[in-house]
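Now that you have both chains on their own, put them together as the hints suggest.
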Amino acid sequence: MNAEAGRGAILEARAKSLRSPRAQPAPADEIEVLLFRTGAERYAIRAGDVSGIHRLADIAPVPGAPRAIRGVSLLGGEIITILDISILFSSQGRGLADQRHAIVVGRNARRIAILAAEVEGMCRVSLGALRKWPGRSGDGSEEDEGWIEGIMDEDRSLLRLPVVLKNIEQEVRNI
Amino acid sequence: MTIQNRVLMLLLSLVALTLIVAYVGVSNLGIASTNATEIEFRIVRSMELAAKVRYLTTLNSANAADLIHLYQSGRTVEAAALETRIAETASEIDGEIEKLAKVMVRPEVLRELRSALKDRRDLRHRTVQKIKEKDFAGAVDLRVREAHGKDAELARITTDIVDFAQKQLDDATSAMTSASQGAYQLLLAISLLSILVGAVGGIFIYRQIAGLLLSTAREVASAVAEIQAAAQEQVSSTEEQAAAINETTATLAELRETSRSTADRAKAVGDAADLGTKSTQDGRSRTEEGSWKVIENRKRVERMGDTVQDLSTRIRKIGEIVVIMNEIAEQTKILALNASIEAAKAGEDGRGFAVVATQIRDLAGQSKESAGRVQSLISEIEKATEASVKETEEGGRAASEAATAMDKVVESFREVERMNDEIARQVMQVAAASRQQEVGIDQVSTAMTETDAAMKQSLSAARQTLSAIRQIESHVRSLGAPLGA
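Residue numbers (numbering that gives the first Met the number 0), protein chains in the order written: chain A, 0 to 174; chain B, 0 to 484.
In isolation and in its complexed conformation, chain B is listed as follows (with noise of 0.2 Å):
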């Protein structure tokens, strides 16, 4: 144990030591307060007893007057009943007087008191016996020296009894004031005592504790500041959260807007395949009427190709028949020609045959020349057939490569209708997606919210922490500025 120890020890022994002597002191002026006031009870109770015993004395006096006058005027009945009260009132001042007895302090004032109702209650009955004998003149002189002499010897007695006890009270208030005094110097001195150990040992004690809180209030510092560093920390990270949380839910925000828009734009996109499809479907059938039509077409073509294989066949035909007809013409001018030699050869007798021969050869050669001219119209016939047949044929395989690509068509507008059927159905795929991205993302935006409030209140309570920790730390500093800190 260290000398300041012991020193403190000591005087907290000196201070335990004051407080008991004031508490012993302190005690005894409590229990001689507690006797004054019982002795001030007594007194003031005996005044208050003596006075009533004067007030039902002089009762009876006045009540004896009355009933000496009413035996007087014949009125027994109510001379009786007053006579009961009379006696009644008698008892009744003996039992005050037996209480005045219990709290009186002097017996022989009290023993006075006794005799002298004793004298004034034989005077009354004297009294009585005098009014019931019909002497009113003896009563009243009774009476008379009840009233002059033993009523004013009782007020007399109970006065000096007022006057002893109200001299008692006085003494005792006076004896409580002096001992009120002792006691309040007493207490006065023992206080100063105890504030003069009390501040040395204050100083002590607040030196040895200024020390201690000094180091604390070091300490307690160096972690406010570590906290309070710690609790800025936390405001910056708590904000950069607040921060980061509201760029999150504004990027979510976005991606929702996004993902609606994603979900939009699928729908219609969906729609637009759903149209697609049905132009498709629409197209494939109408090309598919079309391939029909050109089939039919192809068929007229080649009923047509046939018709005109047909005619070329026959204007062929019509040909070789007029070649035949031309060389006939031509064997014909021949033969005329040789008619016309054979004519020459025989002289004028042959010249009408000559003539006639001519007109022969005439006429084979305009049959020739028809049959060329019709030769040369089948010709341009069979060359326009060969053209027809050409183009027909031309037409026909036009026919058939058209309706190779309708048909290649029709392949088309059902492959492009299974592609708009998938796309279609990926395009749904995608906007369910998108809805359920959309919803998932309300959820996490309601979370990112209740984050963000959380995120809010947390901040708020950071900042009051930091705060809290500033107070802390001024108070801290204005705990440990007085200290030497």
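Pulled out of the complex, with its shape left as it was, chain A reads as follows (with noise of 0.2 Å):
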């Protein structure tokens, strides 16, 4: 008998351990972001933006574009263009071996992926809690594009998706 309780007791103690967390409402002011690196180099989008994580396989260039289209690929079933947002960021790109991942943004005719060499993860933050971003130079004496919606904890930059993906257009049109 003795035996068979404290065999019980110890599921019960492994079982409280590994339940799951209960849902908690989210706060007004919070939003869901899809937390995703490039080199060292950490952003986050909106989860809303996010249309699906594929497998990056192979790229096709596109001869012609800009510097920040790295081509097209075939992901889920449909040809996506493929964005390098960190050259977007600096003048010079990565290299292609360590971008392993590709973050499809965006609906319908206007999807795109981001490239990604990890994504983190999802969490939630509180609008209110960014901080602005200083610019590229660092002291905001830049004219601001407007990509960066804030900056999160661990320097995290939050893309304002649509501005940048209208950039981006802007850009295509203009070859």
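It is worth saying that the hints were derived from the structure and are not from the lab. Incorrect hints may appear among the rest.
Said to hold, decoys possible - Incomplete in silico selection of chain B near chain A, CB under 10 Å:
no.: 1; residue: 227
no.: 2; residue: 229
no.: 3; residue: 329
no.: 4; residue: 330
no.: 5; residue: 336
no.: 6; residue: 340
no.: 7; residue: 344
no.: 8; residue: 360
no.: 9; residue: 364
Unchecked claim - Think about it this way: if two alpha-carbon atoms lie no more than 30 Å apart in a straight line, the pair counts; the simulated DSSO-like pairs of lysine-lysine are:
no.: 10; chain 1: B; residue 1: 344; chain 2: A; residue 2: 131
no.: 11; chain 1: B; residue 1: 298; chain 2: B; residue 2: 382
no.: 12; chain 1: B; residue 1: 117; chain 2: B; residue 2: 133
no.: 13; chain 1: B; residue 1: 407; chain 2: B; residue 2: 382
no.: 14; chain 1: B; residue 1: 51; chain 2: B; residue 2: 101
no.: 15; chain 1: A; residue 1: 165; chain 2: B; residue 2: 344
no.: 16; chain 1: B; residue 1: 407; chain 2: B; residue 2: 277
no.: 17; chain 1: B; residue 1: 407; chain 2: B; residue 2: 344
no.: 18; chain 1: A; residue 1: 15; chain 2: B; residue 2: 129
C-beta: ideal position from N, C-alpha, C; glycine also.
Structural data, given as structure tokens:
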């Protein structure tokens, strides 16, 4: 009897430790974002903008496209443009060796995939807790294109994805 | 012929003549001496015979007296026997007288003696006749006359004979003495003459011989000097030869010792070579055993390498599986993220699903993390396995190289063994040659010892020869000095 009782206590303790956390209602200014990394730079985008996450296969380069457009790839049965946002924030682009993920954002015909070395996960972030982006030079002297909505913890940039996509579309049109 | 030789011949002739004269004189003297001796013998003989006749006569006279007495006593038998003896004595007296007659030089004395003896015999017959007639007075009378007459006469005659013989003897002795003195004087004269002639001739001959001797002595002295020099050289040469022989003998002794030492050392080297051969054989056996062990170890290492290789293959497969698991975890994570995104799009309705998706994502992350750790461990294991494989391969190569080296060592041992055998064979030949050399040296040493003894004898003889030559030289000098050399 005692042994049976002891075994039951152990199982109960294990179940408590493994039980799912109870879902909590989200605050009004909080949004859920997807965290990813490209090289050493950390980014976040709103989860609602994300269509899906795919393993990146081959990329077919597109001649004459802007530098940030690495090419197109077949993702989920669709040909989707691949965007390297690291090129947007720096003059030099990174290699494709460690860019193993493609985060598909946008809707319908305006969908585009963002290269990511690693998709770190999701989290909720309060918009009021975001810090202002200091600009590329770090002193706010340059013109703000409005690509970054704010700076999260760990100096992670929360991208303002519609502005980024609009800018890309504008560059494509200018070709 | 030179004058000197003629004079020499003359002197020699004189000496020969003198010697002949002396020989004749001495011969005559000997004859005279012989004659004198003969005369002396006869005289002495006659004196003896006369004395014997006188004795026999006296004896018969006594017997006659006894005969008278016997007949007077009536002892006729004895008287007859005595008469017989008287007759025999008378016969003996006659015989002695005959002998005396042969040596007597005076016949008248001999006749007188015979006459006296006849008278005396007649008187004795008459005396005997008187006795037989028993006329003893007449017999005594006759006996007295015989005794005082005839016997005295006979005694006188015999005395005269003896005296005469004595006188002849004295005369002969005197004559012999005179003859001897004459012969002596003659011989003395001849001797003096011979001495004189001999002296003159001797001086002459002496001068001749002295010259000859001087020349000869000088030649002899020269020859002796040359012989002495040669003998001295011979002595020196012999001494040098003796010294050389001594040195050679000593050298041979040293050489013999050296040969003996060489033989002993060669034997020691041979023994050492044998030991080396045995040690080499032992080392070869152990090396072969070690080589077999190395080969066994190489096989074991190869088997271990195969095992490690198999283990590496299995680990690689495990790694591939882990990669697949990692990929699955990654896919799961992506799916969970997509689920989370869809849940987020669903709003409050998808919140519970988002929680599940988050848990799935966390599990996928844990799986991926575990897969990463496993992959890391597998990588480490692969590295270790690769290192083991490499070490095993290195060990195998080392074992192969060790086996090859051991084979070479074994071959080297065999080569050393062959060389040791060759060395032992050569050393034994050296030892045998040294023994033969030692035997030969012993024989040579024995011969040298005998030669040394002979050389010493030769040296002694040479020294004696030299000494004799020096004595000869001294004698030659002493011989030549009086001659004016």
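Cross-check of the supplied hints:
1. Taking 10 Å as the C-beta cut-off, the interface hint given for residue 227(B) is violated, the closest approach to chain A being about 129 Å.
2. Look at residue 229(B): its Cβ only gets to about 125 Å from chain A, farther than 10 Å, so that hint breaks.
3. A least Cβ separation of about 7 Å between residue 329(B) and chain A falls short of the 10 Å threshold, and the interface hint therefore holds.
4. For residue 330(B), the suggested interface contact is upheld, since its CB lies about 7 Å from the closest CB of chain A, less than 10 Å.
5. Nearest Cβ of chain A to the Cβ of residue 336(B): about 5 Å, under the 10 Å cut. The hint holds.
6. Hint status for residue 340(B): holds, given a least beta-carbon distance of 5 Å to chain A, under 10 Å.
7. Annotation: interface hint on residue 344(B) holds; nearest CB of chain A at approximately 6 Å, less than 10 Å.
8. The beta carbon of residue 360(B) comes within 6 Å of a beta carbon in chain A, closer than 10 Å, and the hint placing it at the interface holds.
9. A distance limit of 10 Å between C-beta atoms decides the matter here; for residue 364(B) the minimum to chain A is near 8 Å, and the interface restraint holds.
10. Proposed proximity of residue 344(B) and residue 131(A) is supported: the alpha carbons are some 26 Å apart, at most 30 Å.
11. Of the supplied pair hints, the one linking residue 298(B) and residue 382(B) holds, its CA atoms being roughly 23 Å apart against a limit of 30 Å.
12. Taking the CA atoms of residue 117(B) and residue 133(B), the gap is about 24 Å. The hint holds against a cut of 30 Å.
13. With a C-alpha separation of about 36 Å, the suggested pairing of residue 407(B) with residue 382(B) is violated against the 30 Å cut-off.
14. Proximity of residue 51(B) to residue 101(B) is assessed by CA-CA distance (about 15 Å); at most 30 Å being required, the pair is judged to hold.
15. Straight-line distance between C-alpha atoms of residue 165(A) and residue 344(B) comes to about 22 Å, which keeps the hinted pair within the 30 Å bound.
16. Among the hinted pairs, residue 407(B) with residue 277(B) is consistent with the structure: their alpha-carbon atoms are about 19 Å apart, no more than 30 Å.
17. Restraint check for residue 407(B) and residue 344(B): not satisfied, since their Cα atoms lie roughly 81 Å apart, outside the 30 Å limit.
18. With a C-alpha separation of about 229 Å, the suggested pair residue 15(A) and residue 129(B) falls outside the 30 Å cut-off, and the hint is violated.
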